[in-house]
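Participant: Each chain, letter by letter, is given below.
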Amino acid sequence: MDKAYRTIGKSILRTDAVDKVKGLAAFSADIDLSSPPLVLKVFRSGIPHAKIIKIHTEKALAIEGVLRVFTAKDIPGKNLLGIINKDQPLLAADKVRSAADAVALVAAETEEAALKALDAISVEYEKLPAVFSPEDAMAADAPLIHPKGNQLAARFVKKGDVEAIFQQCASVIERTYRTSMVEHNYLEPDAGIGYLDVDGTLVIYASTQNPHYDHKEIVTLLGVPDDKVRIIQATTGGGFGSKLDLNTQGFIGLALYHLKRAVRCVYTREEAYLATAKRHPLTIHMKTGADATGRLRALRAKIICDTGAYGSYGIAVMSRAAVHATGPYAFEAIDVESLCIYTNNPFCGAMRGFGTPQIAFAHESQIDLHAEDLKIDPLQIRLLNALRPGSETATGQVLTHSVGISQCIEAIRPYYESAISQWATAEHHPYKKRGIGVGAMWYGIGNTGVQNPSTARVEMDLSGAVTLYTGCADIGQGSTTILTQILAETLGLSPEQINVVAADTQFTTNAGATSASRQTYISGNAVKDAADKLSDVLRTEAVNKLRVSKKSLVFADGCVAVATNHEKCVDLASLAKRIHAKGAPLVWQGYFDPETVPLSPTDGQGIPYGTYAFACQMAQVVVDVLTGEITVERIVAAHDVGKAIHPENVKGQICGGTAMGIGFALMEEFKPGETKSMKDYVLPTSMDMPEVIPIIIESHEPSGPFGAKGVGEPALIPTAPAILNAISRALNQRIYTLPANLERVLDASIQSGHFAGRKK
Amino acid sequence: MDQHRVTITFTLNGKSVTMDVPGAMNALTLIRERLKLKGTKEGCGIGECGACTILVEGRAVNACLMLAAQLDGRDVQTVEGLAHEEGLSLLQESFVKHHAVQCGFCTPGLLMSAKALLAENPCPDKAAIAQAISGNICRCTGYQQIFDSIRHATGAPTGEEKT
Ligand code: FES
Ligand code: FES
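Quick note, the sequences are listed as chains A and B, same order. For the first sequence, the working numbering gives the first residue as 24, with consecutive numbering after it. For the second sequence, the working numbering gives the first residue as 19, with consecutive numbering after it.
A few of these clues could be false.
Restraint ranges, calculated between C-beta atoms of paired labels, are given here [unchecked claim]:
hint: 1; chain 1: A; residue 1: L56; chain 2: B; residue 2: G76; range: 33 to 43 Å
hint: 2; chain 1: B; residue 1: S152; chain 2: A; residue 2: E766; range: 21 to 31 Å
hint: 3; chain 1: B; residue 1: T25; chain 2: A; residue 2: V610; range: 54 to 64 Å
hint: 4; chain 1: B; residue 1: L108; chain 2: A; residue 2: V705; range: 26 to 36 Å
To be clear, the hints were calculated from the coordinates, so they are not data collected in a lab. Keep in mind that this is a model prediction, so the values were computed, not measured. We put the CB at the ideal spot given by N, CA and C, even for glycine.
Start from the sequences and build out the full structure, keeping to the hints where you can.
Facilitator: Following this line, the structure appears as structure tokens:
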């Protein structure tokens, strides 16, 4: 079946790996300029909600080495940021809404001077009452955090008569789930550096997931023409969603604009913890009904997302959680209400999965509860309900192809059955209980029901050399390698023969955000589109020379050749010259936007995504009933990615996502005001990692480049549900709040009588 | 600010270095800002992430927790000292080949911890590897491809059997 590809499906060397193992890859904090840059430090409010009466900067300015202290007054353009809704000032003007709000920006010759200046700034505030939970924020007498009210937005997904169907169901389960605020903890703290180019352009190197968005925001912030700002993505040490917001970039832009001198802004880890986005904690009330055979029929859910002081990607999280509430299962009737609420907590934004990891915890617990209730095997009930081609989703989208959930479940089965028959029953310590759990998921690739195109440019020079220009930011996941493979395959070249210019707003066009697992599918298609256009001109020109039909021509080793006889060929350089001589273009622009239909604001019906990824994971866990300690012994992870363009990259995403899923399941909880440094935040180390068995399922997606979809976020989503279901099997007691840390597990152990059992 | 300064001499990636440093400066600042070796990273500054791992007398240590003055008289290695003229070290090769590098911010520190481990134990099992790199946080890979890289970098130099 599979065509013999030259590079697609091969785990070629990554474009960046050698520089990285040599320590030569330049992250933002590593870049040196001819003269030492000024140091920027941000003064933050420290109080959650207050009116600003006066900002005193005189003492700070008197410190030797301090050049300027900027406040909101110094912003020449629009002091309001946000990718979906604009509600976050770069520097607070009239009030602060969270303890992390930036109030002033110091520029100094040295780090010491800048830090002293921070200490010397003082602000007079009029304190306002603050709210730290959505429940309080929604109370009638709650203080207003933003003028339009504390409810930022709502998403409804409705289909059929839920109540009528619940009446007919043999099994009805209703529960409430809560998830924690999570810190991304990408390993490179946010950083950037900027300088003024000879022509007056503000050039900013930054650690970012979306250079073209940064560009737009900074141009607006400073009120300067588009060509006066250039953003270049420096090597970026992970992002996981948090580097989609403007973190250091705006400060660098502002200081550069005024001072016209090179500046650097590097967050300490503590500042990255305090001031950047977190994963939204969700409260999910979910009720589901199934018939006696285990077929799911109706779902009602109310989802509340705490977005903290600002929207960031909150609306996307709220919508995606609502749309994905069913999990990868077919339901007849749905009634979901999802709300995004402002509080005075740190702002929450995008984090790997956009609400789907949270909602998956709920739907995967529910389906297991039905399985227990109806005495059906957990794998079987999932298979019974799995979406398949022809199924209609909650939003009324009929899936026609690449619905690999059943294959994922079946891929898990042999591991599952042998774990049940051998591992679970093997002799083990009396106070250590073993459990096997399953978790499944679906994930729409790209943004939810909104346009999110990507573009790319492919150029051939007269020597036949090919350059790819892409705005796509590779944050470590390997998109540059993938896009190079797609281009190389289309033109019959080796990936090493392709030059790449990536994520530099002066030379590349917009590829949109590196988020929503969209770059392989969407930017991959944009690159493919440009490459196909170039391929077409090259083959058309070759017809002249080879005197055969265009259909019978293929690319082979830097030539266009007759498919049946590769000896009959013409090299790319000659073709390029001939095309150029005729005045035809060798530069082509590619474009792709998935076919979607916006969701109706009243019932959420529409086509939110062009395609979906699917996955099923199994976890084997051992619970120490006396200490609450959990050991995850093994995760088997089957993921339908459409086509694995680079299988080892896919496995790397699966293993990395699984690690993050383990953190989400068992240990990670960011507590505002308490979690200040990495000492206060537990995240998975090498010692916490079980054996992970990644299984790649390739259910071809016709609209994807070479059939590919995406995997970045799906990798994480089923892990926590699988682990929580395993704990529940081990203890016979379910945990409804994440993370399932020592206290919660011990509590479950006590409630289920395991702990007391010891004394007898 | 009146800081007391010390003169230190140490071997850095095989070459002797003598310099005058403030007594309070940490080894990471010395390496990154004074010596301009930017391969060693700062991920936390408090000994929690391992991105700043260097070798001092062959032992993996967090440069952010050490004073520059403590390097005096010692043999110090950073990631820049791993590759030789002919190319990458076997360990580096193995990281590249086994796709252990994603964002790469953890990579220099991991390479140094792995190097210290392999010097002591050329054929470590998974538990020994996990132990040796337990102070190096990697948020991207989930460590599995890193385990593989380190395991497969062993034995190779002497042609010993791989398991
Ligand atoms: S920077 Fe030294 S351990 Fe994190
Ligand atoms: S590769 Fe990104 S932290 Fe390890």
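Participant: The structure should be examined with respect to each hint, and the outcome stated for every one.
Facilitator: To see whether the hints hold, each was checked on the structure:
1. A:L56 / B:G76: 33 to 43 Å: 35 Å, holds
2. B:S152 / A:E766: 21 to 31 Å: Holds, since S152 (chain B) and E766 (chain A) (Cβ atoms, about 24 Å apart) stay within the stated range.
3. B:T25 / A:V610: 54 to 64 Å: At roughly 58 Å between Cβ atoms, V610 (chain A) and T25 (chain B) fall inside 54 to 64 Å, so the hint holds.
4. B:L108 / A:V705: 26 to 36 Å: 34 Å, holds
Of the numbered hints stated above, none is contradicted by the structure.
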